[in-house]
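Given only the sequences and the hints, what does the whole structure look like? Please build it.
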Amino acid sequence: MIVIIDYGMGNLRSVQNGFAQAGFATVVSADPKDLVQADGLVLPGVGAFGQARESLQAEGLDKAIYQQVAKGVPLLGICLGHQLLFDSSEEMGEHRGLGLIPGEVVPFTGEVKVPQVGWNQLSIKRKHPLLNGIKDGDYFYFVHSYYVRPKDPAVNLATADYGSEFSAVVQKDNVFGIQFHPEKSSRLGLLILKNFGELVEC
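Just add 46 to wherever you are in the sequence shown, counting from 1, and you've got our numbering.
Heads up, a few of these hints could be off.
Pairs of lysine-lysine residues, derived as PhoX-like cross-links and limited to a Cα-Cα distance of at most 25 Å, are as follows [to be verified]:
1. K218 with K197
2. K218 with K159
3. K173 with K109
4. K109 with K197
5. K159 with K240
6. K197 with K171
7. K240 with K171
8. K171 with K109
9. K230 with K173
10. K117 with K218
11. K197 with K117
To be clear, the hints were calculated from the coordinates, so they are not data collected in a lab. This structure is a prediction, so every number in the text was calculated from the model and none was measured.
As structure tokens, then:
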């Protein structure tokens, strides 16, 4: 069972529909009891980092996430969920993340228009089953003003460029994060959801 974590932040049904199109049934739940019985977890999200982190803590969902990750259950963070996997964020102050992957979330700076909204290309850094069927230069749909800066660049499965290079897909053990929206990224986005579903079934 794949559980999509409902902590009041965003696009739960579109992610669920994406998994359904990819051939995987999911459950949307805000109950920690469901999370600790899951074979795979998905942490989506749209909105503010600090509010999201508070919501996870208030409902006890963060404890369930830690418990499952420690057991080796695959966890996929999407967009804001991807950013929450890291240690901290500078969005509207300093906020502590889940700390599952060392690194920080920082704002885009310089000449680029913020937020980044639209299609951007991936640069594949290393092979992994999550990216089966994805080629260097393939396009995915992004919407974000902040990006992840991992402490160890080796966690990057793929990066993208928006004024400068930033992390687009990361992996550390059984924890995965993607900055773009797979459910809005057409066939290739659904392929990544399918790949994650197959990782859960392994």
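Cross-check of the supplied hints:
1. With a C-alpha separation of about 12 Å, the suggested pair K218 and K197 falls inside the 25 Å cut-off, and the hint holds.
2. Restraint check for K218 and K159: the C-alpha separation of about 30 Å exceeds 25 Å, so the hint is violated.
3. Among the hinted pairs, K173 with K109 is inconsistent with the structure: their alpha-carbon atoms are about 31 Å apart, more than 25 Å.
4. With a C-alpha separation of about 24 Å, the suggested pairing of K109 with K197 holds against the 25 Å cut-off.
5. With a C-alpha separation of about 32 Å, the suggested pair K159 and K240 falls outside the 25 Å cut-off, and the hint is violated.
6. The straight-line distance between the Cα atoms of K197 and K171 is roughly 16 Å, inside the 25 Å bound, and the hint therefore holds.
7. With a C-alpha separation of about 20 Å, the suggested pairing of K240 with K171 holds against the 25 Å cut-off.
8. Distance hint between K171 and K109 is unfulfilled; the C-alpha atoms sit about 32 Å from each other, more than 25 Å.
9. Of the pairs offered as hints, the one joining K230 and K173 holds, with about 23 Å between alpha carbons and a cut-off of 25 Å not exceeded.
10. As the CA atoms of K117 and K218 are separated by approximately 14 Å, the hinted pair is consistent with the 25 Å bound.
11. A C-alpha spacing of about 24 Å is found between K197 and K117, which places the hinted pair at or below 25 Å, so the restraint holds.
Taken one by one, the earlier hints fail for this structure at numbers 2, 3, 5 and 8, listed in ascending order.
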